[in-house]
Each structure stands twice: as structure tokens, then as C-alpha cells.
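Taking the hints into account, I'd like the entire structure generated from these sequences.
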Amino acid sequence: MSREAEIRQALREWVVKTSGKIKPQELDDETPIIERRIISSVHVLDLILMIEHLSDTPIDVGKLKVGVFRNINTIYRNFFAESPDGR
Amino acid sequence: MGGKASVDLRQHPGCTWYENGQSALSGSLLELFRRFDRLFVEWAKESGAGEYSFPVFIPAHELAKLDYFGSFPHLVTFPVALDPEPANLESFARSFAGPGAPLGPGGAIRLTRPAAIRDVLTPAACYHFYIRFQGETLEAPRVVTTLATCFRREAHYTPLERQWSFSMREIVCIGSEGEVKQFLAKYRESLDAFFRRIGLPIAWANATDPFFNPSRNPKSIMQRIEPVKTEMVFGGRLAVGSINFHQNYFGEVFGLRRAGKAAYSGCVAFGLERWISAFLTHFGWEQSDWPDIEMT
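Sequence lines, in order, name chains A and B.
Numbered per the working numbering, the first sequence spans residues 3 to 89.
Numbered per the working numbering, the second sequence spans residues 12 to 307.
If you are wondering where the hints come from, they were derived from the structure by calculation, not from laboratory data.
Computed from a predicted model, the values in this text were never measured in an experiment.
Errors might be hidden in some of the hints.
[Stated by the list, open to error] With a Cα cut of at most 25 Å, we get these calculated BS3-like pairs of lysine-lysine:
#1 A:Lys23 with B:Lys272
#2 B:Lys240 with A:Lys67
#3 B:Lys192 with B:Lys240
[Claimed, not checked] If you want the ones that stay clear, here's a sample from chain A, every Cβ over 12 Å from chain B, calculated:
#4 Glu6
#5 Glu8
#6 Arg10
#7 Trp16
#8 Val18
#9 Pro26
#10 Glu37
#11 Glu54
#12 His55
#13 Leu56
#14 Asp58
#15 Pro60
#16 Phe82
Backbone N, C-alpha and C fix where the C-beta goes; we use that ideal spot for every residue, glycine too.
Right, dumping it as C-alpha cells:
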């Protein structure tokens, strides 16, 4: 499994486990996890910690852009890919 | 006409300003207030809205379900009464019986023991609806409207723009995700057309609720990265209203169900005093210069 596939799988597993509202087969990389409140504000700090742990890079919460946590794809692009969305 | 500089509404004969952050309206300003509110009610009725009138207090235990006190401790205002125990009342009354100034510094009441506080003065109009309908399963989307006097404590007040008590008309939709999104999109389009027609320069801007310690509040962080509030901003500084998508937050907290899931909700909110301020700032104080807001 590639590093990218591992990260995406880890993120999906974290979302399913943390949320408790969705089954693994109901979550794909485009599922809007914030808008549907699969992940809510009580989880957002844990999500940030989880991404910091996976990427081994600290996140400046004050500089987070709109839409970065929208779905697994936006999280991957913004925190793990070479060319993030304007971050 | 148009683009006039910000004016001191304290000088307007239709506005009486109280330094504790409240205003009284009369004459042309009271008439304008009523015209705006009639217009908002008409818009609500076009969506089949039922109209409601609520009391001023909201039970604290209901607002606590929303973590209101942790999120907005700087805004909250409570109704306070004295503990009715006779000796407590005697003691309070006695302090006003003697000669001299009975009040403390700055006109402050010298309270004896207060009764337990179990209520809050309404901070936002739409809360009443989720509390009123809690536990219901909706067979169809529900659109409702109310006008509420709302209370938000602030560090500074400005006539008609930032007040301790002010008037908020809200149109609320509770339904499925698609129904609520459609409702909000329709109002966004109608409002755009309205602002264009009367020539009031309004820009839409993403915003967050005024959380306490926003940089440390997960709800504020969440609203910043996934905006759910879009404000109607006049002159680059004054939000006269907002469109808010609550997702299924109130549905989950208050057990509202629609189509087998926690209901979604959204609201369109209008701050009536701010509408008057924006209107007078842009079109001037002369009624003859004002556009016809009712024309369709």
C-alpha cells in the first residue's frame, strides 16, 4: 500500500471511529464530513492533533483556510500532498 | 441622495438614545421600523410561514443544552429578582428608606440576596422555535417566523447599530438538508434582488458567531473553516442581517426529526434597528428621498 493510501485509510478509520454516526462503507473521500456533522466541533481539536501526528507537522490553527477539513480529499491535499490548496 | 457619510442618529427627532445601550423610536423612524417588519413578514408568508410570538425569557436549562453559557458568557443577560425571604426583602427595602442617595456608584442597585436565576433574556429569536418544537418528527418542512427583542451585553454601544436590546425578525426553516438549503438559497436570491432594486449597497460576507475566546473555541474554529453564517454587510462595516445554515445541530440537540434523520435547520435574520441605520445613512433623513421598499 502506498503512503498516500495508508494516510487516506487512517483518516477514514479515524472519522468512522470518532464519529460513531457512519459506517465504513458510507464514507468515501468526497463525503462532506463537516457539513453533515459526521465530525462536529467537539472533535475538531482531536482531528487537528490526528493530522499533526500523521503528517509530523504542527498546524497553526489561526491560519486554517476555509474548506480544509471538508472531506478526506481536502484534508489529504492540504496537509499531506505536495501542492496544497493555497495553504 | 446615496452614499452619505455616517450620521449621528442621536440627533434624529425619531430616535431617543439611552446610554445603557437602548433606543426608543417614534415618528418616521417607528414607521420605517414597522414597514421593514411588514416586508419581512410578507417574505416569510410567501414561504408559507406560521407567525409566532414568544416571551422574553428563555429557560436557562434549555440554553445550557447548546453550551450557550460556555460559548457566549460575555453576551448573556439575566433577569434578576430578590430572594423572597421576608428578612431579605425587609433589608432591601430599608436601604431605600433613609435620606440621601439610595443607589450605589453609577446608579447601581445595592442588591441584597438575589433569587436563583433560572432564565435568560432572549439572545436570538430562533432559539424559541427549537425549544418549542423539541421532540417532534416533522412530516413536512416547517417554516416559521417571529420578531423578538434580543439582549446582548457589549462593551460599547452605538445608536441603532450596537445595542444591549434590539429587535430581530427571523424566518426559520426546519426540514431535511435539501429543503433547508433550498430555503436559504431562495432568500439569498430574493434579498439580492431587493437590495439591487432599492439601491442599497450590501455585500455578502462569511462570518462567525461572536464566541468568547474565539481562538480557543472549537465551535469558532469550526465556523471559520466551514462557514455557516453569511452576513448582509452595509458600508463594509455593519451587518444588517444574516443567512445561517445550522446543519442538523439544533435537530440533534432538541430531538427534531425529519425524513428519518435529525432535522436540519436554517434561518434568515434581520436586525431591524440596523436596517434603519443603514437606510438613513445611505438615503438620508428626508422621507421624500427614500425608495419605495414595498414595491414588488
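Requested in this report: Say whether it holds or is violated: aspartate 58 (chain A) keeps its Cβ farther than 12 Å from all Cβ of chain B.
Outcome: Per Cβ check, aspartate 58 (chain A) is outside 12 Å of chain B; nearest 21 Å; holds.
Query raised in the report: Looking at tryptophan 16 (chain A) again, its CB stays over 12 Å from all of chain B?
Result: 16 Å, holds
Report task. Quick one: work out the minimum CB distance from leucine 56 (chain A) to chain B and report holds if it exceeds 12 Å, violated otherwise. Result -> Answer for leucine 56 (chain A): holds, closest chain B Cβ roughly 18 Å.
Query raised in the report: Does the claim that phenylalanine 82 (chain A) lies off the interface hold, with its Cβ farther than 12 Å from every Cβ of chain B?
Result: At roughly 17 Å from the nearest Cβ of chain B, phenylalanine 82 (chain A) sits farther out than 12 Å, so the non-interface label holds.
Query - Non-interface label on valine 18 (chain A), tested against every C-beta of chain B at 12 Å - result: Check passes; 18 Å lies beyond 12 Å.
Query - Minimum Cβ distance from arginine 10 (chain A) to chain B greater than 12 Å, as the annotation requires - result: With a cut-off of 12 Å, arginine 10 (chain A) remains clear of chain B, as the shortest Cβ separation is near 20 Å.
Query - Assertion that proline 26 (chain A) lies outside the chain B interface [Cβ separation over 12 Å] - result: 19 Å, holds
Query raised in the report: Keeping to a limit of 25 Å between CA atoms, is the pair of lysine 192 (chain B) and lysine 240 (chain B) held or broken?
Result: OK: lysine 192 (chain B) and lysine 240 (chain B) at ~13 Å, within 25 Å.
Query raised in the report: Taking the minimum C-beta separation from proline 60 (chain A) to chain B, is that value above 12 Å?
Result: 15 Å, holds
Query raised in the report: Going by Cβ atoms, does glutamate 8 (chain A) stay more than 12 Å from chain B at every point?
Result: For glutamate 8 (chain A), whose nearest Cβ neighbour in chain B is about 25 Å away, the distance exceeds 12 Å, so it holds.
Query - 25 Å Cα cutoff - pair lysine 240 (chain B), lysine 67 (chain A) - result: 16 Å, holds
Query raised in the report: Would you say glutamate 54 (chain A) is clear of chain B, with no C-beta pair closer than or equal to 12 Å?
Result: Label holds. Min Cβ-Cβ 14 Å, cutoff 12 Å.
Hint compliance for this structure: hint 10 alone is broken.
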